[in-house]
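Enquirer: Here is how the chains run, residue by residue.
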Amino acid sequence: MTTLMTATDLPQVRGVKNIPVEEFYSSGHRTCQGCESALVMRLMIKAAGPRTIVLGSTGCMYVANTTYYSTPWVVPWMHTQLGSSGSAATGTAAGLASMMRKGKMNQEPINVIAFCGDGGGVDMGLSAISAALQHDEYNLLILCYDNESYANTDIQVSGSSPWGANSTFSPPGKVHRIMNSRWKKNTAPMLAAGHPDVRYIATACGSYGLDFNNKIRRALTIGGPTFIHSIDPCPKGWDYDPKYSHELGMLAIETGLWVQYEIIDGELILNGPSRSIAKGIRRRKPIEDYLSRQGRFAHFTPDDIAHFQQRVDDSWEKWWMPGVIPFTMSQD
Amino acid sequence: MSTLAVEVVYRGIFQKTLARNIVRSIVFAARKDGKIGTAFGRYGDSPERNGIPAKQFAIVADDPEELEESLAVYQATNVDVTINVDDTMCKGIESWAWYGLQPINELTKPGGTLIVTSRQQADALLDDIHPKESPYNLSIVTGIPSFSGLWVYKDDHTDVRVLGALCKVCPELVSLDAMLETIEEQMGGGTKVVSAQRSYERTGARPVEPGEGGNRREMKFTMPGWKSMEEGLVIRAIPEGGEFAEGEGGYVPGRSDVFKKFSTRSMRPVVNFETCIKCTLCWLQCPDTCFDVTPDGLYDANMEACCGCGVCEAVCPVPDCVTMVNEAEFNDNDSQWQWWQKDKDGYNKWMTDLVEQQKAETRTHGFHHVGGYAQEIQAAEAD
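These protein sequence lines are chains S and L, in that order.
Counting in numbering that gives the first Met the number 0, the first sequence runs from 0 upward without gaps.
Counting in numbering that gives the first Met the number 0, the second sequence runs from 0 upward without gaps.
Don't read these hints as lab results, they were simulated from the structure.
The C-beta atom is built at its ideal place from N, Cα and C for all residues, glycine as well.
Honestly, I wouldn't trust all of these hints.
[Said to hold, decoys possible] Between beta-carbon pairs, the in silico distance windows are:
| hint | chain 1 | residue 1 | chain 2 | residue 2 | range |
| --- | --- | --- | --- | --- | --- |
| 1 | L | V317 | S | P19 | 17 to 27 Å |
| 2 | L | N332 | S | E316 | 24 to 34 Å |
| 3 | L | T141 | S | K184 | 44 to 54 Å |
| 4 | L | E200 | S | K184 | 51 to 61 Å |
[As the list claims (entries may be wrong)] Pairs of lysine to aspartate or glutamate, DMTMM-like flavour, derived with a Cα cap of 20 Å:
| hint | chain 1 | residue 1 | chain 2 | residue 2 |
| --- | --- | --- | --- | --- |
| 5 | S | K16 | L | E242 |
| 6 | L | K277 | S | E21 |
| 7 | L | K277 | L | E247 |
| 8 | S | K16 | L | D295 |
| 9 | S | K16 | L | E67 |
Pulled out of the complex, with its shape left as it was, chain S reads as follows (with noise of 0.2 Å):
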């Protein structure tokens, strides 16, 4: 087995002015006005630099940023089918470990990131996602884009829709108003619990720029197999207007809706807003600053709204680790 070989260009930066002005993924992708997801593809490689193998399976991120023989991606990228990041990232850091120990290639640290988005990764991808963060004798990345719908063929509801939420397969009617009854399957913290050997694991957000930068290159720097949740507000399935989606990002978090977290060799770590809520130097902010300012949400009573609420609050107060661990232990 060959030892894991981490870039070790890739330093935390502190403060939004020293985050690198290189960029490996440009225009000329035909995403949406205000598409956080292609911030997220921008962010990631940005912090991860050119010496990275980006794999995308199947999604926006796929079909809009290749469309017809042009592409935004300036480093190497290959696409890939819409449930296999996990193998493929598996695949080529496999490939490429063996390529140097033969001698094919250079000795030399390569980042290898795989992204999906929610269908891939939190619906079909979840089981090659899980095998990918079993093998912990290869450095790879996954990296969840989470719009919270099959966006990309025009929404869907996925496993990480939030409840209620407008979709082509959750159309509010006039007897059944609430057609998508399921609450966001909690990816990260279950991927956390069922790998315990998985050195990294984070949930982040594009509007928070230079944490985004942070916790993808710890992901790459700290060894073996890592994965980041990311939340990234969608215009067009959300149903808003496009400048507001560095605002839509915050006040998920700061409604205490997303937690922001870092799980880092065992130890949870919450940051940014979400440390200030846990802390109890600020509150959260009622959800329905959130819920209002998107059209999935525009069937809602006040009933759903106080209920939507009711879920947020029982997720801080009654959960036994908040925000993440969804059960308490029992006292007997």
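Fit chain L to the given chain S structure using the hints.
Expert: Frame of chain S; chain L shown alone:
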């Protein structure tokens, strides 16, 4: 014996429901006139992306055989009426599924009509439109372009007003009576019928001579055929970026040669370089990598890459430093920073005037949040 075709050019997602209402109603009304028709979206536009120009068609024929004959064509090559529901698309449209900029009137038949929803006058619109070799007519439905989201439709009567105008400019397509009946049955009737009728009465046509039109911008690329594609479907990467010029500093990202995104833009950021505090946020948060970092540490939005989402305006902490301005105000994609470098006073005056004017205007992407729809509809009705 004739087949008539109408295309609706619209902003993806923002105007999807609007376009569907228009083409659908044409077909329903044609049935009432004893004709037959069909309505469909262009295959290559799906899945739609916010703001990226897309098309839907309505074909009306005298009998089923004629209709089938015209449907054997994948996409109409010429249409009797082109309806453009956002005037900023007069500058040309670049769909997301292929290369190059197409004139808005490209498919309009000789003697056909181009209907535009706009608050501009015909001459101002013609400045933006590409010249055509054959004559056609230009009709304007006065109003703020109607934008809304995927789930909540902004029912501001734009659809019925366009339909009313359509009956006037192309009476052989559908009769006004059939259209009003359709609006009564399919769209709720009431004040909508009145809106359609008024629009019919008010609509005129301005003949456009061959060669008339101010837009000379061409953007054509060779589409690679399957034989020219590389083994393994390799796509060439974007080249790495670099300094402005050797030794000058700054950073210009490499950019795609074949896909520019500017025809997606209905608003454009205008930057006040004097008040900029170089906080980096507009540059950092731009999903389209459109900001060049200038040698003096400012951020200059590249107007070929910018799609006008407005995130830069939203994140800018300085009041009026980045302002989104109606795209109709501009005739080129030149660098604002270079102009400011050459003529600071001239640029600053132009920029300040423009920002003041923008504040007085109501144009935005169309909606700020869900509650915003109701207010805007009131404003549109008062117009």
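Enquirer: Now tell me, hint by hint, if it's right for this structure.
Expert: For each hint, the structure was consulted:
Restraint check, V317 (chain L) to P19 (chain S): a C-beta distance of roughly 24 Å satisfies the suggested window 17 to 27 Å. A beta carbon spacing of about 53 Å between N332 (chain L) and E316 (chain S) contradicts the range 24 to 34 Å that was offered as a hint. A beta carbon spacing of about 49 Å between T141 (chain L) and K184 (chain S) agrees with the range 44 to 54 Å that was offered as a hint. Between E200 (chain L) and K184 (chain S) the beta carbon distance is about 56 Å. The supplied range of 51 to 61 Å therefore holds.
With a CA separation close to 18 Å, the supplied pair K16 (chain S) and E242 (chain L) stays within the 20 Å bound. Our distance criterion of 20 Å between C-alpha atoms is met by K277 (chain L) and E21 (chain S), whose separation comes to about 17 Å. Taking the CA atoms of K277 (chain L) and E247 (chain L), the gap is about 18 Å. The hint holds against a cut of 20 Å. With a CA separation close to 14 Å, the supplied pair K16 (chain S) and D295 (chain L) stays within the 20 Å bound.
Between the alpha carbons of K16 (chain S) and E67 (chain L) the distance comes to roughly 61 Å, so the proposed pair goes past 20 Å and is violated.
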